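Protein chains in written order, with the working numbering: chain A, 1 to 303; chain B, 1 to 290; chain C, 1 to 539.
In case anyone wonders, no lab produced these hints; they're calculated from the structure.
Don't take each hint at face value.
Estimated spans, in silico, between C-beta atoms of each pair [to be verified]:
(1) A:V56 - C:E503: 35 to 45 angstroms
(2) B:K107 - A:V56: 33 to 43 angstroms
(3) B:K107 - A:S142: 52 to 62 angstroms
Chain A side only, calculated, beta carbon under 7 angstroms to chain B, not exhaustive [as the list claims (entries may be wrong)]:
(4) E14
(5) P33
(6) L78
(7) I181
(8) A197
(9) N219
Predicted model only: the values in this text are computed from it and were never measured.
Glycine included, every Cβ here is placed at the ideal spot set by N, Cα and C.
The lines below spell out each chain.
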Amino acid sequence: MKSKFKHKFLSQWELQAMVWPSIILMIIFCFVPMFGLIIAFQDYSPLSGFTGSEFVGLDNFKAFLGDKDFYNVLTNTLAISLMKLLIGFPLEIVLAILINQIRLGIFKKFTQTISYLPHFLSWVILGGMIISWLGSTGLVNSFLLSMHLISEPLSFLSNPDAYWWIATLSDIWKEVGWGTILYLAAIAGIDPSLYEAAKVDGAKILKRIWYITLPGIKNIIVLMFVLRVGSVLGANLEQTLVLQNSSNMLRSEVIDSYVYHLGLTQGDFSFATAVGIFSSVVSVTLLMIANVLTKKLSDSSIF
Amino acid sequence: MGLDKGEKIFNVFNALFMLFFISIIVFPLINIIALSFNDGYDAMKGGIYLFPRKFTLVNYETILKDSTIYRAFGVTAAKTVIGVIGHLVITGAAAYAMSKPYLLGRKIFIRMGVITMFFYGGMIPTFLVVKSLGLANSFWVYIIPVLFSFYDMIILMNFFRSLPESIEESAKIDGANVFQVFFKIIIPLSFPVLATIALFHGVYQWNDFFVAKLYVTDKTLYPIQYYLYQLLTSAGAANTAKAGVYISKAFTTQSLQQATMIVTTLPIMLIYPFLQKYFISGMLVGGVKE
Amino acid sequence: MKKSIILLTLVAFVVALSGCGGKNTSAELPDSTIEVDKDTPSWKNDKATAELDWYINFDWFAQTWGNDVSSQYITEDTGVSITYLGGSDDKLNTMMASGELPDIITVDGSNPFVKDADKFALPLDVLAEKYDPYFLEKSAKPETLKFFTRDDGHIYGYPNFSNTKSDYEKGGIYANQGFLVRKDIYEQLGKPDMTTPEGFISALEAAQKLDAKDELGKAVIPIGVSPFNEGSEPNGVFNRTLADFIGVPMLTEDGKYYDRYTDADFQKWLKVFVDARQKGLTDRDMITMTKDDKDARVTNGSYFVYFASDLNSETDTLTLWANENPGKEYIAVNGPSSTTGNKTALPGTSIEGWTQTFITKDCKNPQKAMEFLSYMVSEYGNTVMNYGREGETYTMVDGKPVLNADLLEFKQTDPAGFEKEIGLTTHLWVQDSALLSRQMGLDQFPKALQQAKQWTLDYVMPQFELASLDVYLSKESSRNAEKINQNWSQTIAKILDAKSDREVDQAMNEFIKYRQDNGYDKLVEERNKQIEANEKKLD
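All chains should be built: construct the whole structure from the sequences, respecting the hints.
Structure representation (structure tokens):
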């Protein structure tokens, strides 16, 4: 048994040599620090250290699981993430395909470059602009008023029910172009002769997209979908802190900002870590479910 | 081959849609540029959208005459280039090995990786590990901890898996070993995805200042984005003095902030058009070799 | 592979463990190298030099020691040259965890580490006795020293901007809030009295009827307030500024924590603002607007009244507006006042100051660090830091230092360049702001602020009992305090958008219930303990 393993291992030593540096890096920089998760069960202070801090059992978990507000926060997080997923995710794919269809090389380059620029703007700068535009004398209201679509300014920002949409749409606006890059790379890998052949067969453009482009990038779509499902509990902290205000707080507080307000700014790492462990467990579960489902539906697994 | 009628209509609509899309996207960018060329005090009055109202180059002069930023640019460029190359080699090699289903230990590795994607030990333990390795306050702290990324590996692995097995087989029959296959066949065939990962990691390296903030005290090792970060926070400096004492401090105008953002971010923003040719060349190689 | 994981984890634990322990304690401090004397500052006798690292927990502080005239003078005097290290909470946390600290550390007075100072800092009283008794005798302010003495009898951190009762008695302490009106409109309306609810509303209505225009040609908005979501006071003026103006007490009559939000007079005035909002007299976007939006309003003269919770942060906006529109500048007048006879009481800088500076247990040279700190804290050190050397950078006029004319002009024309090359007043981490304020008087403020600052002189009141109110809370209570603050923000937003007084009362009742459900009683209890402790130290 052992010698068989050894033999097999030696026969693929090149492959093993390629993977081991990464394993070692992962152990050092990801696994070793995980001993820090222990502080979720402690009343941790950096001054007392991991060994000197008092153990408090599940108190930190009780602190948020017993907090009524937490469930509201959880709802907000899931809602915003799902909206981003349901609207933003397909949009990235559609946009990638459309950009790919642009005939004029320079226009294509230009469109793509412009489309991903907002990704580089920080939320601090962008958030301020968005708030100004959505204000009662801002661009959006001025436009709607001048088109006589509304009779008095809408209060987008102080209406809690509008927040999910503002968060979703502003995030899509910022990231959709950036999100197309990977799909464009995948589309570039599709064999051009397939399109030529389909054209000869008389397939119209939409058909070619449907039967050649989409299946050609199916793997990447599935991969990105599964990864996105695994991250639904992480809603953008920076975005939330910038767009949040007293009026919309009920709908704008998400897990990350909750941890920021109640844990990190108070120097309470134990609380923050406990919430972190909770989200991780939920996320891994979701990821696994998504992976199994896609395996069943498309008989390809991302791992 | 010519275009059919449907395709022509499609293209017209597509072009119109793209123009609409660009105009939505581009507006804030123009706004930022306009502000950066406007007098800082005048900009406080608001109402600047597409063009500066009181044109000035002072904001840019202020930034460019500060000698510290040139060194910071150097640091950023170095960490971006070295970081990207290292990241592609390490993560790419692992992804290739992992794309082989018969790799021993593959399942364990995947499981470990998934765990690392979700469970983060936290800032403090990570700091202690990095520091104990002697990386704190060294250039390599920018590079080594992020040489490997499980997320990027998954993406690369999925691309490698989709490459036709036949090419590799024929190379092996010609006597090429695994490394030769990887460097001479897999890499050229995967230019689009490698360029994508390079872009992702390059942008990360260019924009990240958190590592510097945490691990670096030597000012000569500060990257350019740390400079922008300091400037953005200095705008709130007066507010930090909650004690209500009047501090006479040089005012950081919004215009100066915007100009700094443009200076520090423009180089990485403009890198994409140069990478675009790799997206096309990958396709050609793929087409020819098939 | 499993073995290697275990091995590495073990290594990591050892690393983590070695982080702590092995610190100096005060018992092991080396003897002083010079004869010390409580009447002479030790820096005068100790000619040794030292290089010390000074960590400032504020990212934006980008000053470099030794580049400017101010720090060069200080190094000449003390023999100490500083390397500034900068960072924010992230860096501070990791530094504390790793157990390797720089020589001197400065953090905000409300930083969570302050309460555990005995674990990382050397007691200043012990250091001073050993190396520089002049610190306790003369450099530091006695009231400040007393206030910062902990239960164990030691002093760990020394603040900057600590203003004591005797500073208040000496005068020259200004408050930072203001009820500003556009002068031209105010005069056109015949300088209406806005101190009563009726007068307030009718003046705003009159301003609206006047149909005055701002610089953009839009109708002037009768009243605006400081932004809700950015700046030093959350919720515009509704956290404390309004309450301060109408003189809502800080403490109950028996010296306990007083709930200002439910105060009847405060509630009455809140409803006045609600009324103003319903009548369209306020800025529509009051609750959601950003600082940039507010800046645009003030610099275009869009408000008749601007109720400011932080005058200092309006320096640039008010200056710009006043310079371009002489005769229309914003001036401070009496604003909302008590309907029950309380006097307006504006907070000035408190005895707790702003930051605290510690000499750490890892300090390479505790003796020089102590001498340096003592120098910086002293009146002489303050003067060097703020004005430089007599005859070189300033001269004494009527017993007060006055900066040379060329430097003053440099400062006014190129503030950033002045900071970098001259650097006077920039090394302010243990500055005595009350001293500087007395020396400079109104001149410390730009012209556009002077009238408003002058106005505050009559109303500024020392309110030290609430100092460090939430610094020493238990983790649970500090979490609850944050939740209650957040809920108050939501409540105030609801109240200001209410359509009737009934809705206001309902929102208040919900708030009261919310805080009751979230550990309010325990929070008040802990706050009372702090107040009691403060009162003892203030006697």
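Now the hints, each set against the structure:
no. : hint                                : verdict
1   : A:V56 - C:E503: 35 to 45 angstroms  : holds (42 angstroms)
2   : B:K107 - A:V56: 33 to 43 angstroms  : holds (36 angstroms)
3   : B:K107 - A:S142: 52 to 62 angstroms : holds (59 angstroms)
4   : E14                                 : holds (4 angstroms)
5   : P33                                 : holds (3 angstroms)
6   : L78                                 : violated (16 angstroms)
7   : I181                                : holds (6 angstroms)
8   : A197                                : violated (11 angstroms)
9   : N219                                : holds (6 angstroms)
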